[in-house]
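When you get a sec, could you build the whole thing from the sequences and use the hints?
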Amino acid sequence: MELSTLLPFLANVIVGGLVLGFVYAIIALGYTMVYGVLQLINFAHSEVFVTGAVVGFEVFRVLAPVSMNGYLKLLIALLAAMTISGLLNVIIERLAYRPLRGAPKLVPLITAIGVSLILQDVLRVIEGFQGRFDLTYTLPTGFAAPFCGPESSCVGFGKFLTGIGVSLQLKDVILIVVSLLSLAVLNYIVNRTRMGKAIRAVAQDRVTAGLMGIDGNRMISATFLIGGALGGISGVLFGMKFGTVNAYSGFIPGVTAFTAAVLGGIGSIPGAVLGGLLLGVLEKLIGVSNVFGELLGIKNLAVIDDSYSKLGAFIALVLILIFKPTGLLGKSNVEKV
Amino acid sequence: MPKPMLELDNVHTYYDHIHALKGISLTVNEGEIVALIGGNGAGKTTTLRTISGMMKPRTGSMTFEGQTIAGIPAHHIMQKGISHVPEGRRIFKDMSVRENLDVGAYTVTDRTLIESRIQEGFGFFPRLKEREHQLGGTMSGGEQQMLAIARALMVAPRLLLLDEPSMGLSPLFVEAIFDIIVKLNKERGTTVLLVEQNANMALQIAHRAYVLQTGEIKLSGNAADIAQDESVRKAYLGDE
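Chains A and B supply the protein sequences, listed in that same order.
All residue numbers for the first sequence refer to my numbering, where the first residue is 1 and numbers rise by one.
All residue numbers for the second sequence refer to my numbering, where the first residue is 338 and numbers rise by one.
Honestly, the hints are just simulated from the structure, not real lab data.
A portion of the hints provided could be inaccurate.
[As the list claims (entries may be wrong)] Lysine-lysine pairs mimicking BS3-like chemistry, simulated, CA-CA at most 27 Å apart: (1) Lys430/B x Lys324/A; (2) Lys430/B x Lys105/A; (3) Lys430/B x Lys331/A.
[To be verified] Cβ-Cβ distance ranges computed for the label pairs, FRET-style: (4) Glu467/B x Gly293/A: 55 to 61 Å; (5) Gly243/A x His354/B: 55 to 61 Å; (6) Ile118/A x Gly460/B: 52 to 58 Å; (7) Gly114/A x Lys523/B: 57 to 63 Å; (8) Glu457/B x Lys331/A: 29 to 35 Å; (9) Asp353/B x Leu72/A: 54 to 60 Å; (10) Ile355/B x Val177/A: 36 to 42 Å; (11) Arg194/A x Gly478/B: 25 to 31 Å; (12) Ile164/A x Gly478/B: 51 to 57 Å; (13) Arg94/A x Thr400/B: 50 to 56 Å; (14) Gly505/B x Ala184/A: 39 to 45 Å; (15) Gly478/B x Lys105/A: 26 to 32 Å.
[As the list claims (entries may be wrong)] To list a few chain A residues with every Cβ distance to chain B over 10 Å, as calculated: (16) Ile84; (17) Leu106; (18) Ile189; (19) Gln204; (20) Val207; (21) Leu211; (22) Ile214; (23) Tyr308; (24) Lys331.
Source: prediction; values computed, not measured.
From the three backbone atoms N, C-alpha and C, an ideal C-beta is built for every residue, glycine too.
Given below as structure tokens:
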């Protein structure tokens, strides 16, 4: 491959990886925030995320015949998914995890896997009753169109993208914008508001937070609500990006996002974002191994095609756990006395 | 006539199967500084934890200003006007000094009141003002103790529970912190229940004292009398 085509090719791979990475990042936040307050890996988060994707599908399906601004439809889909996924997550905590608060850590962990399996089948049954298994998004017109047409007509961000030879669809750009907005709002809530500070206090030391008048259980519920709402957002973005979801679609992105959270340092919010973006790019890079094989003269690399791309996250998980279990931005668990 | 503020009557507290408090009865009157002294494992810390709701008493009654507080969650007891500076300070290490104070003021909703109390705290401990944006965990033990006290004062408590404020501090810091305790008591009328390993210091500033031993109260009375008691002098004040 010529340098003149290689650079735009790589730019496409990396930008595509970042788009995917934002989805992982937003899902990963749900894992990492819950871990932060309860030291629990909420395996049901993948289904909370798929629930968001299903809600998004339903909103777009119902609104498809309605003539309405596409962005307004998206906004309704996002708000509905946030509400339902957020409340679902709160209910899961109340019913499944809270009664086990004093139990050894393995017990709620196994419960979380159980909740995950139950929800998969509940979702399948709900959609199955209507004769649906694979849910194909009906996106508003224009969402799948290229972000900007001929290079001459592009301005701003679009001009920059076409300048480096990257072509995105409008929905990819929407995905990036929604993700960035979500991150900004989350950052504001966690660092600036009274509730955010209380959540952080509970995450650091629930007993002492109680001495400050903070009701730990309320803050844990608030964390599940926020984490679930982020799961809902990521579900809609995922559905939009890939077009089709079903009740079992949560597993792979869920595990990838969980890996992202561990990679970044579980419990760390910036870590989850960093981990998500890195894994998104890694996945895309693995998907084009054949090109690197060709460049380096290693023919065997061509065997590694797109179907291996999900492997990256798992290899990364193993490597992190061996070499840096605290993750890139995580703190060591050693307590100073 | 002293007005009882906090009253414990025959309080029993357990750590799982360990019987830590074996029928503690004590009274703290409004405006007093009361010291709880005793050796390791005597139950001093457990007494404070039971009062603030960090631990639940199994039996016995506890009242604060006439209202029962036994068995109520810590975040409710605190709102009645009791602040607890726990053993080991337990500041929020990953938060800045100011954020720690903000969290301390969680139950205060008036922004201007919070700000004026933060400034008051900086007045008591100018060191904290210098470190306003530093992470709590990166400060020295003495500074963390100051922060823990300042944080507890954000709600202007009527009763302050202090657990080992002198622990691990240099003599200079110890003096500064004891000065502040006296000042709070004299100028604001804050009632103080003080647990101290440093019995000498504690008895100097306290009005009354209780001596604990293996979960029971061995002796109580005026701090000056306790300081003169032969057995106390031998056991806790370093007299041979």
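query: Of the hints stated earlier, which fail here?
result: 10, 13, 19, 20, 21, 22 and 24
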